[in-house]
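Sequences are here, hints too, so could you generate the full structure?
These protein sequences, in sequence, are chains A and B.
Under numbering that gives the first Met the number 0, residues 0 to 674 are what the first sequence spells out, in order.
Under numbering that gives the first Met the number 0, residues 0 to 373 are what the second sequence spells out, in order.
For the record, the hints were derived by calculation from the structure and aren't laboratory data.
Among these hints, one or two may not hold up.
Covered stretches of chain B (in silico footprint by chain A; criterion: 3 or more residues with CB under 8 Å from a CB of chain A, positions within the stretch not fixed) [what the hints assert, rightly or not]:
{"no.": "1", "segment": "113–124"}
{"no.": "2", "segment": "200–212"}
In silico negatives: residues of chain A with every beta carbon more than 10 Å from chain B [to be verified]:
{"no.": "3", "residue": "N157"}
{"no.": "4", "residue": "D161"}
{"no.": "5", "residue": "K189"}
{"no.": "6", "residue": "T298"}
{"no.": "7", "residue": "F318"}
{"no.": "8", "residue": "G337"}
{"no.": "9", "residue": "T459"}
{"no.": "10", "residue": "P536"}
{"no.": "11", "residue": "G630"}
Derived DMTMM-like pairs: lysine to aspartate or glutamate, alpha-carbon spacing no greater than 20 Å straight-line [unchecked claim]:
{"no.": "12", "chain 1": "B", "residue 1": "K251", "chain 2": "B", "residue 2": "D323"}
{"no.": "13", "chain 1": "A", "residue 1": "K309", "chain 2": "B", "residue 2": "E349"}
{"no.": "14", "chain 1": "A", "residue 1": "K506", "chain 2": "B", "residue 2": "E52"}
{"no.": "15", "chain 1": "A", "residue 1": "K506", "chain 2": "B", "residue 2": "D50"}
{"no.": "16", "chain 1": "A", "residue 1": "K265", "chain 2": "B", "residue 2": "D360"}
{"no.": "17", "chain 1": "B", "residue 1": "K48", "chain 2": "A", "residue 2": "E460"}
{"no.": "18", "chain 1": "A", "residue 1": "K309", "chain 2": "B", "residue 2": "D360"}
{"no.": "19", "chain 1": "A", "residue 1": "K309", "chain 2": "B", "residue 2": "D50"}
{"no.": "20", "chain 1": "B", "residue 1": "K48", "chain 2": "A", "residue 2": "D469"}
{"no.": "21", "chain 1": "B", "residue 1": "K45", "chain 2": "A", "residue 2": "E471"}
{"no.": "22", "chain 1": "B", "residue 1": "K251", "chain 2": "B", "residue 2": "D213"}
{"no.": "23", "chain 1": "A", "residue 1": "K265", "chain 2": "A", "residue 2": "D105"}
{"no.": "24", "chain 1": "A", "residue 1": "K309", "chain 2": "B", "residue 2": "D346"}
{"no.": "25", "chain 1": "A", "residue 1": "K265", "chain 2": "B", "residue 2": "D367"}
{"no.": "26", "chain 1": "B", "residue 1": "K38", "chain 2": "A", "residue 2": "E471"}
{"no.": "27", "chain 1": "A", "residue 1": "K506", "chain 2": "A", "residue 2": "E460"}
{"no.": "28", "chain 1": "A", "residue 1": "K265", "chain 2": "B", "residue 2": "D219"}
{"no.": "29", "chain 1": "A", "residue 1": "K617", "chain 2": "A", "residue 2": "E399"}
Note that beta-carbon positions come from the ideal geometry of N, C-alpha and C, so glycine has one too.
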Amino acid sequence: MTGTNPGISSDAHGVAPGMDPAVDSPVHSSAPGGLVKSVVELDRVVIRLAGDSGDGMQLTGGRFTSETASFGNDLSTLPNFPAEIRAPTGTLPGVSSFQLHFADHDIMTPGDAPDVLVVMNPAALKANLMDLPGGGLLIADSDEFTARNLAKVGYDSNPLEDGSLDKWQLVAVPLTSMTTDALADSGLGKKEAERSKNMFTLGLLSWMYHRPTEGTVRFLERQFRRKPQIAAANIAAFRAGFNYGETTEAFAVSYEVKPAPMAPGKYRHISGNQALAYGIIAAGQRSGLPVFLGAYPITPASDILHELSKHKSFGVRTFQAEDEIAGIGAALGASFGGALGVTTTSGPGVALKAETIGLAVMTELPLLIIDVQRGGPSTGLPTKTEQSDLLQALYGRNGEAPVPVIAPRSPGDCFDATLEAARIALTYRTPVILLSDGYLANGAEPWSIPGASELPDLRTEFATEPNGEDGEFLPYLRDPETLARAWAVPGTAGLQHRIGGLEKADKTGNISYDPENHDFMTRTRQAKVDGIAASIPATEVDDPDGDARVAVIGWGSTYGPIGAACRRIRASGRSIAQVHLRHLNPLPADLGEILARYDRVICPEMNLGQLAMVLRAKYLVDVHSHTQVRGLPFRAAELAAVFQDVIDGTTGTPATADHTDTTILDVPAQTGAAL
Amino acid sequence: MTAIESTNAHVHDLGMPGGPDVTTIAGAIDASVAANGPKQTALKAKDLKTDQEVRWCPGCGDYVILNAVQSFLPSLGIAREDMVIISGIGCSSRFPYYMNTYGMHSIHGRAPAIATGLAASRPDLSVWVVTGDGDALSIGGNHLIHTLRRNVNLTILLFNNRIYGLTKGQYSPTSEVGKVTKSTPMGSLDHPFNPVSLALGADATFVGRAMDSDRKGLTDVLRQAAEHQGTSLVEIYQNCNIFNDGAFELLKDPNTGPMWTIPLVHGEPLVFGPGGASCVVRDDFGGLRIAETNQVDAAQIVVHDAHREDPSYAFALSRLSSQDLRYTPMGVFRKVAKPSYDRMMTDQLEDAAAQQPADLDALLAGGDSWTVSA
Ligand SMILES: Cc1ncc(C[n+]2csc(CCOP(=O)(O)OP(=O)(O)O)c2C)c(N)n1
Ligand code: SF4
Ligand SMILES: [Mg+2]
Numbered sequence: 000m001t002g003t004n005p006g007i008s009s010d011a012h013g014v015a016p017g018m019d020p021a022v023d024s025p026v027h028s029s030a031p032g033g034l035v036k037s038v039v040e041l042d043r044v045v046i047r048l049a050g051d052s053g054d055g056m057q058l059t060g061g062r063f064t065s066e067t068a069s070f071g072n073d074l075s076t077l078p079n080f081p082a083e084i085r086a087p088t089g090t091l092p093g094v095s096s097f098q099l100h101f102a103d104h105d106i107m108t109p110g111d112a113p114d115v116l117v118v119m120n121p122a123a124l125k126a127n128l129m130d131l132p133g134g135g136l137l138i139a140d141s142d143e144f145t146a147r148n149l150a151k152v153g154y155d156s157n158p159l160e161d162g163s164l165d166k167w168q169l170v171a172v173p174l175t176s177m178t179t180d181a182l183a184d185s186g187l188g189k190k191e192a193e194r195s196k197n198m199f200t201l202g203l204l205s206w207m208y209h210r211p212t213e214g215t216v217r218f219l220e221r222q223f224r225r226k227p228q229i230a231a232a233n234i235a236a237f238r239a240g241f242n243y244g245e246t247t248e249a250f251a252v253s254y255e256v257k258p259a260p261m262a263p264g265k266y267r268h269i270s271g272n273q274a275l276a277y278g279i280i281a282a283g284q285r286s287g288l289p290v291f292l293g294a295y296p297i298t299p300a301s302d303i304l305h306e307l308s309k310h311k312s313f314g315v316r317t318f319q320a321e322d323e324i325a326g327i328g329a330a331l332g333a334s335f336g337g338a339l340g341v342t343t344t345s346g347p348g349v350a351l352k353a354e355t356i357g358l359a360v361m362t363e364l365p366l367l368i369i370d371v372q373r374g375g376p377s378t379g380l381p382t383k384t385e386q387s388d389l390l391q392a393l394y395g396r397n398g399e400a401p402v403p404v405i406a407p408r409s410p411g412d413c414f415d416a417t418l419e420a421a422r423i424a425l426t427y428r429t430p431v432i433l434l435s436d437g438y439l440a441n442g443a444e445p446w447s448i449p450g451a452s453e454l455p456d457l458r459t460e461f462a463t464e465p466n467g468e469d470g471e472f473l474p475y476l477r478d479p480e481t482l483a484r485a486w487a488v489p490g491t492a493g494l495q496h497r498i499g500g501l502e503k504a505d506k507t508g509n510i511s512y513d514p515e516n517h518d519f520m521t522r523t524r525q526a527k528v529d530g531i532a533a534s535i536p537a538t539e540v541d542d543p544d545g546d547a548r549v550a551v552i553g554w555g556s557t558y559g560p561i562g563a564a565c566r567r568i569r570a571s572g573r574s575i576a577q578v579h580l581r582h583l584n585p586l587p588a589d590l591g592e593i594l595a596r597y598d599r600v601i602c603p604e605m606n607l608g609q610l611a612m613v614l615r616a617k618y619l620v621d622v623h624s625h626t627q628v629r630g631l632p633f634r635a636a637e638l639a640a641v642f643q644d645v646i647d648g649t650t651g652t653p654a655t656a657d658h659t660d661t662t663i664l665d666v667p668a669q670t671g672a673a674l
Numbered sequence: 000m001t002a003i004e005s006t007n008a009h010v011h012d013l014g015m016p017g018g019p020d021v022t023t024i025a026g027a028i029d030a031s032v033a034a035n036g037p038k039q040t041a042l043k044a045k046d047l048k049t050d051q052e053v054r055w056c057p058g059c060g061d062y063v064i065l066n067a068v069q070s071f072l073p074s075l076g077i078a079r080e081d082m083v084i085i086s087g088i089g090c091s092s093r094f095p096y097y098m099n100t101y102g103m104h105s106i107h108g109r110a111p112a113i114a115t116g117l118a119a120s121r122p123d124l125s126v127w128v129v130t131g132d133g134d135a136l137s138i139g140g141n142h143l144i145h146t147l148r149r150n151v152n153l154t155i156l157l158f159n160n161r162i163y164g165l166t167k168g169q170y171s172p173t174s175e176v177g178k179v180t181k182s183t184p185m186g187s188l189d190h191p192f193n194p195v196s197l198a199l200g201a202d203a204t205f206v207g208r209a210m211d212s213d214r215k216g217l218t219d220v221l222r223q224a225a226e227h228q229g230t231s232l233v234e235i236y237q238n239c240n241i242f243n244d245g246a247f248e249l250l251k252d253p254n255t256g257p258m259w260t261i262p263l264v265h266g267e268p269l270v271f272g273p274g275g276a277s278c279v280v281r282d283d284f285g286g287l288r289i290a291e292t293n294q295v296d297a298a299q300i301v302v303h304d305a306h307r308e309d310p311s312y313a314f315a316l317s318r319l320s321s322q323d324l325r326y327t328p329m330g331v332f333r334k335v336a337k338p339s340y341d342r343m344m345t346d347q348l349e350d351a352a353a354q355q356p357a358d359l360d361a362l363l364a365g366g367d368s369w370t371v372s373a
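Shown next, in the form of structure tokens:
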């Protein structure tokens, strides 16, 4: 048989280069019962699991991710869940999904569209079917397609039976009843046993994709340590699902996706929020300062508070404040005392913190403000991603209040970006805003584990001696190079001083209403932040062909989709340069010169053009802003189409090979495309 | 730890474990604190003055409070570098500039939050908050009540002049109903807070009240507040001679003052007024009421007990006074022992460190790592 990825059937899409199964003659193996099963090798798969919020799809997806990571595939995930904790069961608003893209090569996105869609009920089918390309594999829990559940989402007849799903490879499986059958002797009631159907499903998928299973068994044992009966039931359901795959005729093929070549080293999989929390702990350890987190719960940032609260042994103090203002206030108070003050929040919280950020600008104390952005304005889309707080971060304060802003570009990069934010905060004695987002926060990827001792040395010096000519302490005397002021912590004899939000006199820090002094201090604070650019490495321009006339510039979590789209463009024979900004304030010193090199500059953003506006204002470059605010990351195919239009419009000569609009989701290494 | 105890002894007690290859976590702070040798704790009032010109209106009650605090603080035996005063915004919040300690003049209403972070992360310091009635009860009301319920080790001095001084005389959350000000030409409509009642409603472990001009009474309440472990709230009646002059005259006037002031002394019967003519007794509903001493049995007179666990007694005391300040108890309403937030937080850190050594490499590797070999 020719191995066909169920999600990429050739009739619907044409088999993309590199998408072809690498093994033409599949290995046949005999399963129990004399069933002949074949194994097909694939280079990449995108699976989406969708069910009711109560079905445990996020957990199932997370476990599949862990199995996949430990197997050694490259991967990228996209959890997508409703803001309601439990919307009414079986309804469209209650649908929660988890998409995982894994491959035998380096990938950059969770995939534009799934190859395989697993739906646990009619609502999940209805909410997700439009994303499944024709020919894709559709696995449905037939037990849940009852008249009542169908009616809830407006199906007049059962789509599993009425032929309406003919253009997909439908496999209807009674997942729920097979789970309860498998757990008949578990001693659990029917309702309780049913809850393990996600583990049954995970078992089935684990068989289908040759995932290792020990990790999940260990996980379940750990998770239900105190409820051995539940642990046993879940493990039994998981194994039953696996065995079902092996023995059933419903699935004749299983798939193998070989590990991706990765640089030697030790890896784990990590989510953005976890990486960010670890970055904070590492910053404390590497600076030799105790960490103090002041935070008020808010989606999608709360997990950072949860994670840090577990690591008190590192001297991390976590304070769940009465509101966002108290959260940042307490963090700033701790910074005044010599701690690394941190506050974590999302857009609405940043709005509340604005006045205190201004105080931190004025008092010139180190402080990390972490904004895990979500859809806005107001309460907006709490669980969905967006990049619309950039201008708030840059300018959302009264007065001239410059604040360095930096953004991570992938879940794992949240770790490094946090250390960089801490470096800037401590070196320059300034609040720093880190702009993560919902997609990075909840998304996961394999992460090369760094050695603690190789992390940047963030030690900073407190003032312990008077620094004035007359033996007095001048809290606003600056380091000539960084313009950072002297930082003396309470408890240090002889250096008592008062700081605050009123304008400071140069050097002494006393209150000053002097016009010249205010002008000077305002410009000095700005110069201090501008001067950070001197410590930023040269901007990387990714232009493997070296002859690109169009550059695409992005920031934050769009790195993956933009990068994947650039690969498509290059695979089509065109050239494009990719510039991705980590530092948004100050912008890198070489950026103006870089942008000036290109005929066109495209800036895709998940907002209405905030960075584009800054670039236009600052560099007088006619930036082509491409925007989308769907609460979801960009699709690489759509971005590639936009890039292609701009390139072809610029050069006037479309490249010969024209397949950027095919189904290549992430061009694999085998195509020879430059990575 | 009380302010009194906050000396060097606790400086090394920040609950910080040693890191693998950095100096111990609190090391940098410790080193700074220890940099200049033994602490100088024998201070005089003048040691606490700064070179900054004091900029309150002549005659403002804030001066008297500043003098009282500067004279009294040295008796606590705390080095001035170990004292930190955090204030909000308002006339009263200028206070830190005039004290030769560490200080932060922060933003409107947020001082308790900022001080919480400092006190919670540096239990070795004696942290004070100076705030006004608008600062603490209006814009900062939320922070105040939450600070009180947490019992962070702070001493909060609430300068209550029953007016917004700095913004030139609008009514405040403690102004009496009907107050005519620039923003209320026909009289204010809002019912005022009684700050002591509010604090007790938040289960504050220490609540006291004093008068700016009563040096002895003020010093006594301040001393007890400073010694208290946990959050102490001291409401200080402060005259704003520009925008609300004479607000407390009823209590200050030698003729009327004794009639309307109920001095609170722990263990003493609540008898007051000229010749001890008035007293406090229990009413039929479990509250308190004022009675004429010669009309009641001596056994009926309430003996003040600031240490009662149940705050309802102190609350009932606070309700004796009316908006026009008749029957105002002065002194310490409540003073009960309860573990302070910073201490408990430090204990958790120490427990965690004892259970699991801080190993950054192990944390980063986690439980599910895999190795790719060359
Ligand atoms: C965010 C903010 N809102 C308003 C103000 C203006 N403001 C400054 S002080 C004050 C009221 C101060 O009253 P109070 O706390 O009673 O202090 P007092 O001046 O009476 O001592 C106000 C409204 C401000 N500084 N900041
Ligand atoms: S306005 Fe009132 S409170 Fe403010 S300084 Fe003047 S007298 Fe004092
Ligand atoms: Mg006032």
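Evaluated hints:
1. 113–124: holds (count 11)
2. 200–212: This one is violated; 0 residues, fewer than the three required, reach chain A with a Cβ under 8 Å.
3. N157: At roughly 40 Å from the nearest Cβ of chain B, N157/A sits farther out than 10 Å, so the non-interface label holds.
4. D161: 43 Å, holds
5. K189: 33 Å, holds
6. T298: 22 Å, holds
7. F318: 6 Å, violated
8. G337: 4 Å, violated
9. T459: 8 Å, violated
10. P536: 23 Å, holds
11. G630: Since the minimum Cβ distance to chain B is about 30 Å, G630/A lies beyond 10 Å and the statement holds.
12. K251/B with D323/B: Holds, at roughly 13 Å.
13. K309/A with E349/B: Holds, at about 13 Å.
14. K506/A with E52/B: 18 Å, holds
15. K506/A with D50/B: Between K506/A and D50/B the Cα gap is close to 15 Å, so the pair holds against 20 Å.
16. K265/A with D360/B: It holds: about 11 Å lies between the C-alpha atoms, which stays within 20 Å.
17. K48/B with E460/A: 28 Å, violated
18. K309/A with D360/B: Holds, because 16 Å separates the two Cα atoms, which is no more than 20 Å.
19. K309/A with D50/B: 46 Å, violated
20. K48/B with D469/A: With Cα atoms ~18 Å apart, K48/B and D469/A stay inside 20 Å; holds.
21. K45/B with E471/A: The hint holds at about 17 Å.
22. K251/B with D213/B: 9 Å, holds
23. K265/A with D105/A: 16 Å, holds
24. K309/A with D346/B: 15 Å, holds
25. K265/A with D367/B: 10 Å, holds
26. K38/B with E471/A: Holds, at roughly 18 Å.
27. K506/A with E460/A: It holds: about 18 Å lies between the C-alpha atoms, which stays within 20 Å.
28. K265/A with D219/B: Since the Cα atoms of K265/A and D219/B sit roughly 64 Å apart, the hinted pair is violated (cutoff 20 Å).
29. K617/A with E399/A: 17 Å, holds
Checked against the numbered hints given earlier, the structure breaks hints 2, 7, 8, 9, 17, 19 and 28 and satisfies all the rest.
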